[in-house]
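Student: So the sequence lines, in the order shown, correspond to chains H and P. The first sequence begins at 1 in this note's numbering and counts up by one. The second sequence begins at 1 in this note's numbering and counts up by one.
Please keep in mind that the hints were generated in silico from the structure rather than gathered at the bench. Please note that the accuracy of each hint is not assured.
[What the hints assert, rightly or not] Cross-link-like lysine to any residue pairs, in silico, SDA-like; alpha carbons within 25 Å at most: (1) Lys323(H) <-> Arg101(P); (2) Lys149(P) <-> Glu131(H); (3) Lys50(P) <-> Asp147(H); (4) Lys73(H) <-> Thr225(P); (5) Lys149(P) <-> Thr160(H); (6) Lys323(H) <-> Val4(P); (7) Lys149(P) <-> Leu305(H); (8) Lys73(H) <-> Lys346(P); (9) Lys50(P) <-> Ala113(H); (10) Lys134(P) <-> Asp128(H); (11) Lys134(P) <-> Leu305(H); (12) Lys142(P) <-> Asp141(H); (13) Lys76(H) <-> Arg223(P); (14) Lys50(P) <-> Asn158(H); (15) Lys76(H) <-> Pro130(P); (16) Lys65(H) <-> Ile288(P); (17) Lys346(P) <-> Ala113(H); (18) Lys240(H) <-> Lys149(P); (19) Lys240(H) <-> Asp136(P); (20) Lys73(H) <-> Pro293(P); (21) Lys142(P) <-> Ala135(H); (22) Lys134(P) <-> Ala57(H); (23) Lys56(P) <-> His214(P); (24) Lys240(H) <-> Lys346(P); (25) Lys134(P) <-> Asp59(H); (26) Lys149(P) <-> Asp301(H); (27) Lys149(P) <-> Val306(H); (28) Lys76(H) <-> Thr289(P); (29) Lys134(P) <-> Phe234(H); (30) Lys76(H) <-> Arg133(P); (31) Lys73(H) <-> Thr105(H); (32) Lys149(P) <-> Thr105(H); (33) Lys142(P) <-> Thr42(H); (34) Lys50(P) <-> Ala135(H); (35) Lys65(H) <-> Arg287(P); (36) Lys142(P) <-> Asp245(H); (37) Lys134(P) <-> Thr160(H); (38) Lys73(H) <-> Phe221(P); (39) Lys142(P) <-> Ala142(H); (40) Lys76(H) <-> Ala142(H).
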Amino acid sequence: MTPHRRRVVITGLGPISTYGIGIQPLWEGMLSGRSGIRTIETFDASGFDCPVGAQLASDQFDVRKLVPKTYRKATKVMARDIALAVGAAASATNDAGLVTSASDTDADPTIPAGRTGCHIGAGLIATDVDELSLALTFSSDADGEFDISAWGDGGMTNLTPLWLLKYLPNMLACHVTIIHDCQGPSNTITCAEASSGLSIGESMRVISRGHADVCLSGGAECKLNPMGILRQQFAGRLAKLEPTDDPALLVRPFSEDARGSVLGEGGGILILEALESARERGARPVAEIAGFSASQASCSDTVGLVYDEDDTSVESAINNALKSADCSPDDIDAVLPLGSGIPHMDAVDARAIHAVFGERAGSVPIITFVPNVGLCGAGTGAIATSLAAKCLDEQMLPARIGIEGAVTSGLDAGPIAARPAKLGAILVFTTSMGGQNTALVLRRYDDGGESS
Amino acid sequence: MTDVPRVVLTGAGWVTPLGCDLDTVWKRLINAESGMAPITRFDARTFPTKFAAEVKDYDVNDFIRDPSLHEHAGLNSQFALGAATQAWNRSGLSGCSNLDRSRIGLYLGAGEGVLDTDNYMRTNLRGWNPETRKIDGVRWAKEALELMKAHREIEQEPNMPLAHLAREFNLKGPAYNCLTACAASTQAIGEAFDIIRRGEADVMISGGTHTMIHPLGVTGFNRLTALSTHEGDPAEASRPFDRTRDGFVMGEGSGIVVIENLDHALERGATPIAEIIGYGSSCDAFRITDIQPDGRGAAAAMNMALEQAGIDPEQPGPEGGPPIDYISAHGTGTQENDSIETRAIKRVFGEQAPRIPMSSIKSMMGHLIAAAGAVELITCVMAIDRGEIPPTRNLHHPDPDLDLDYVPNDSRSTRVETCLSNNFGFGGQNDTLIVTRFKG
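Given the sequences, and given the hints that come with them, work out the whole structure.
Tutor: Structure follows, in C-alpha cells:
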C-alpha cells in the first residue's frame with residue numbers, strides 16, 4: 001500500500017516549556033509531578049477568567065544566547081512564538097549531534113542543506129498590543145476613537161517596517177531554516193493543537209518520498225497574551241480560577257470535576273531522520289515513528305469546537321496509525337492523549353481510548369502533561385511526542401498530577417508518582433480546536449542486535 | 001514504481017476579483033481585463049496604496065446547502081465554500097452515494113481571518129495607559145470582552161475554512177491547513193497529491209483562500225514597501241516583468257480543486273480534467289526579507305517537480321516543442337521577484353527557457369496571497385482545456401534583464417499539454433506543481 005516507505009526515527013529532542021529548554025528539564029519536571037502553572041507574569045491578566053498559565057521565567061530563556069552572534073539582531077523581529085521555535089531548534093540539533101550552519105565549529109554540516117527539511121506548526125500569532133496601541137495613539141480623534149484617515153500617512157509609520165514579519169506563521173520555520181540552513185521542503189501547519197502532529201506526519205512523508213533525509217519538525221506557540229487568552233476564553237476552553245483554587249491543580253484531565261484547560265507557552269522541535277541516515281552517521285535513535293494517521297472530526301457547530309457525540313474520527317485515526325505501524329492495540333504500553341482538562345474534549349479522548357482498547361482501556365497507563373506545562377496550542381503535540389520518546393528511551397512513566405480519588409472516565413489517569421515500566425510502544429494522539437486529529441505510534445528503537 | 005497511484009484533477013472552482021465561475025473568469029483573463037479598483041472595504045485614502053482587486057457581487061448563500069450552518073463564516077471561509085462547491089459539483093462527487101468519507105481529506109493553504117478592526121482598535125485605545133506606555137491588562141480585558149464577539153474571533157483561526165468545508169461536504173479524512181504566505185496553496189495541493197500517492201486518501205479537496213484587504217493587512221505590506229503605490233489608473237498598477245513595476249497589488253479570493261486517485265475516479269465514472277505529475281518544494285533559508293538572489297531555491301523546487309514528472313528541462317519536448325508548454329509565473333510585479341524568477345527559470349531550462357510562454361495573471365486579478373497558487377494552477381488546467389494562454393497585462397516597457405516570453409498584453413491560442421506553476425512565499429518557501437492533459 002505504501003510503495004516507497006523509508007523507516008523514520010527520532011534522533012534528537014528539543015522541547016521547550018515552562019520547565020525550560022531541552023529534554024532534560026522537561027523530563028525532570030514530568031518525573032517530579034510539579035506543575036509549572038502559576039500567575040501570568042508578563043502582563044496583568046486578572047481581567048480574564050483564567051489569569052494563570054505555564055510560562056518560561058525570563059531567566060530561563062534568552063533567545064539571543066541561542067542563535068549565532070551574527071543573527072542576534074534578527075531576534076528583534078521575533079514574536080514570542082518564533083523565539084520559542086528558534087530555542088527549541090537549537091536544543092534539538094544539539095541533542096541529535098547535528099553540526100549545522102549554526103554550530104560553532106569549522107566542521108561541515110552533518111547533513112547537506114538540500115537534504116534537510118523543516119516542518120513547524122504555528123498558531124495565529126497575536127500582534128504585540130503595546131507596540132500597536134502606541135502607534136494607534138497617533139491616529140485617534142478627539143473622542144479617543146481610532147481615526148483611519150489619520151492612520152495611513154500617520155500612525156502607521158510608527159510601526160517598524162518589518163512589523164508584518166513578526167506575525168506571519170511561517171516565520172518560525174523561516175528563522176529556523178536560515179539559522180540552520182535547511183533548504184529542503186519546509187512547511188507551516190496551522191491546525192491548532194494538531195499542528196505539531198501534522199508537521200511530524202508531513203516530515204515523515206517528505207523523508208519517505210526521498211525529498212529529505214532529516215527534518216526539523218514540531219511546533220511552537222505562545223497564547224499567553226491578551227488576544228490569545230481572549231480567544232480561548234471566548235471558545236469556552238479555559239478553567240475559571242476561583243479564589244480557593246490551587247493553580248497547580250486547576251487542570252484535571254478526565255476527572256469528573258474538570259472545568260477547562262490552562263494555557264502554556266512552548267512546543268518543541270524533534271529531529272526526524274531516515275533510519276539509514278542515522279545508521280550511517282552513527283546516531284542513536286531515541287525512538288522510531290512507526291505509524292501516523294490524521295483525520296477530521298464531525299462537528300455540528302461547524303467550527304470544530306465541540307465534536308459530535310457519535311463522531312468516530314479519533315478512533316479511526318488511531319486505528320489507521322496502528323495499522324500503518326503494523327501493530328495492534330495490545331502492542332501499545334501507554335497512551336498519551338491531548339488530555340486538556342476541557343470536559344467535552346476529554347470525553348472525546350476517553351471515548352476513543354475505550355473504543356480502541358476495549359477491556360484494556362482501564363488498565364493501559366495514560367500519560368498526562370497539560371496539568372504540568374499547560375495547553376501550548378500548536379506546540380502541544382511536539383511536547384507530547386518528545387515526552388513519549390523519552391519515556392520509551394528511559395523505560396519510565398512520568399508522574400501524573402491530580403486529585404486523589406478523582407473519577408477518571410474509567411481510565412488509568414489519576415494521580416500517581418513516576419515509575420519504571422516496560423514500554424515497547426506508545427500511542428500519542430491529539431484532538432484540536434477545529435476538529436483535526438493526529439495519531440502517532442512511537443516504538444522503542446530496536447537495532448536488531450546490530451550494536452551491542 | 002508502478003504501484004504509485006496516478007493522481008488526477010476531477011474538479012475545480014474559484015472565487016476571484018474577476019468573477020466566481022470558471023468560464024466568466026477565463027474569458028476575462030483571456031481578454032486581459034483588470035479586477036483592480038479603489039479599495040471599498042475601508043477608507044484607504046491616506047494609505048500609500050489605495051487600490052486592490054476585491055471580490056465583487058459574491059454571495060456565499062448562492063453556493064451552500066444550508067446557510068444556517070455557516071452563519072458566522074468569515075470571509076476566507078465564505079470564499080472557500082463557494083470555490084469548493086463549484087469544484088465538488090464539477091467532480092461529480094455530489095451525485096455519488098456510498099462514498100467512504102474517511103477516505104476524503106482536506107489540505108488547504110488558508111490565510112488567517114480578518115480582524116474585527118473597529119473593535120480591536122477601540123479596545124487597544126481604551127486599554128492604553130499613557131503613563132506606562134503599555135496597555136492596562138485589566139481594562140483591556142474588560143473592553144475586549146464587551147466589544148469583541150466570540151464567533152468573530154474564533155473565525156480568525158487559520159483552520160476555520162477547513163472546519164467549514166468538512167461540515168459542508170461531510171469529510172472525515174486527513175485534514176491539514178498550511179500557511180506559507182504566497183506559496184501556501186501550491187504547497188497544499190502538492191502535499192495533498194503526495195497523500196493520495198501514499199494511499200492515505202482517495203480524494204483530497206485542496207487549494208487556498210485568503211483576503212488581506214483590511215487595514216492591518218494593507219498596513220503590513222505597505223510598511224514592507226511590497227505593494228504598488230501607482231498613481232493613476234489602478235488597472236495599470238500591477239505590472240509584472242515590466243521595467244516600471246513597483247510592487248504587487250493585493251487580490252483576494254479562493255481556488256479549490258478536487259484531486260483524486262485515478263482508479264477511484266474511473267471506478268465512479270468521473271471524467272478527469274488533468275493529471276498532476278510533479279511537485280517540488282524547497283526553502284531559500286536566506287534572509288527574512290529577501291529572496292536568494294541567484295534563484296537557487298526556486299530552481300530547486302522546479303527541478304524537483306520536473307524530475308518527478310520525468311521531464312528533462314534542457315531538452316525540447318515532444319514534437320520538438322518546448323519542454324513545458326506554459327509556465328504560470330509567480331510574477332508578483334516586485335522588482336526582486338520578477339528578476340529572480342526569470343533567473344531561476346533560465347537556470348533550470350537553459351536554452352529552452354526563451355521558448356516557454358510564461359505569464360502572470362496577478363497582472364489582472366492581483367495577488368491572492370495564500371490562495372494565489374490554487375487559482376494559478378486552475379489557470380494552467382484551463383489553458384490545457386481551452387488551448388489558450390492568458391497574457392501578462394501592463395507589460396509595455398520591457399526590462400532589458402528580463403528577456404523571456406512573458407506573453408505581453410495579448411492572450412495566445414496554442415496547443416497546451418503540460419504546464420508548470422510556481423509560487424514563492426515570503427519566508428523562503430518555494431513550490432512548483434506540474435500538471436498535464438489527462439490521457440487515459
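Student: Give a verdict on every hint.
Tutor: These are the hints, each one checked on the structure:
1. Lys323(H) <-> Arg101(P): holds (18 Å)
2. Lys149(P) <-> Glu131(H): holds (23 Å)
3. Lys50(P) <-> Asp147(H): holds (16 Å)
4. Lys73(H) <-> Thr225(P): holds (21 Å)
5. Lys149(P) <-> Thr160(H): Measuring from Cα to Cα gives roughly 29 Å; hence the hint is violated.
6. Lys323(H) <-> Val4(P): Given that 25 Å is the threshold and the Cα spacing comes to 19 Å, the pair holds.
7. Lys149(P) <-> Leu305(H): Distance of about 15 Å is within 25 Å: holds.
8. Lys73(H) <-> Lys346(P): violated (35 Å)
9. Lys50(P) <-> Ala113(H): violated (41 Å)
10. Lys134(P) <-> Asp128(H): The given pair, whose Cα atoms are some 10 Å apart, holds under the 25 Å limit.
11. Lys134(P) <-> Leu305(H): violated (32 Å)
12. Lys142(P) <-> Asp141(H): Holds: Lys142(P) and Asp141(H) sit about 22 Å apart, inside 25 Å.
13. Lys76(H) <-> Arg223(P): holds (16 Å)
14. Lys50(P) <-> Asn158(H): holds (19 Å)
15. Lys76(H) <-> Pro130(P): holds (23 Å)
16. Lys65(H) <-> Ile288(P): holds (20 Å)
17. Lys346(P) <-> Ala113(H): Answer holds: Lys346(P) to Ala113(H) is near 23 Å, not above 25 Å.
18. Lys240(H) <-> Lys149(P): At roughly 19 Å apart (the allowed maximum being 25 Å), Lys149(P) and Lys240(H) satisfy the hint.
19. Lys240(H) <-> Asp136(P): Holds, at roughly 21 Å.
20. Lys73(H) <-> Pro293(P): Distance ~22 Å between Lys73(H) and Pro293(P) Cα, so the pair holds.
21. Lys142(P) <-> Ala135(H): holds (21 Å)
22. Lys134(P) <-> Ala57(H): Answer holds: Lys134(P) to Ala57(H) is near 20 Å, not above 25 Å.
23. Lys56(P) <-> His214(P): holds (15 Å)
24. Lys240(H) <-> Lys346(P): violated (60 Å)
25. Lys134(P) <-> Asp59(H): Given that 25 Å is the threshold and the Cα spacing comes to 22 Å, the pair holds.
26. Lys149(P) <-> Asp301(H): holds (16 Å)
27. Lys149(P) <-> Val306(H): holds (18 Å)
28. Lys76(H) <-> Thr289(P): holds (14 Å)
29. Lys134(P) <-> Phe234(H): holds (24 Å)
30. Lys76(H) <-> Arg133(P): Within the cut-off at roughly 19 Å; holds.
31. Lys73(H) <-> Thr105(H): Holds, at roughly 21 Å.
32. Lys149(P) <-> Thr105(H): Roughly 52 Å separates the two Cα atoms, so the pair is violated.
33. Lys142(P) <-> Thr42(H): holds (18 Å)
34. Lys50(P) <-> Ala135(H): holds (20 Å)
35. Lys65(H) <-> Arg287(P): With a Cα-Cα distance of about 20 Å, the restraint between Lys65(H) and Arg287(P) holds, given a limit of 25 Å.
36. Lys142(P) <-> Asp245(H): Satisfied, since the Cα-Cα distance of roughly 22 Å is no more than 25 Å.
37. Lys134(P) <-> Thr160(H): Satisfied, since the Cα-Cα distance of roughly 17 Å is no more than 25 Å.
38. Lys73(H) <-> Phe221(P): holds (22 Å)
39. Lys142(P) <-> Ala142(H): holds (22 Å)
40. Lys76(H) <-> Ala142(H): violated (34 Å)
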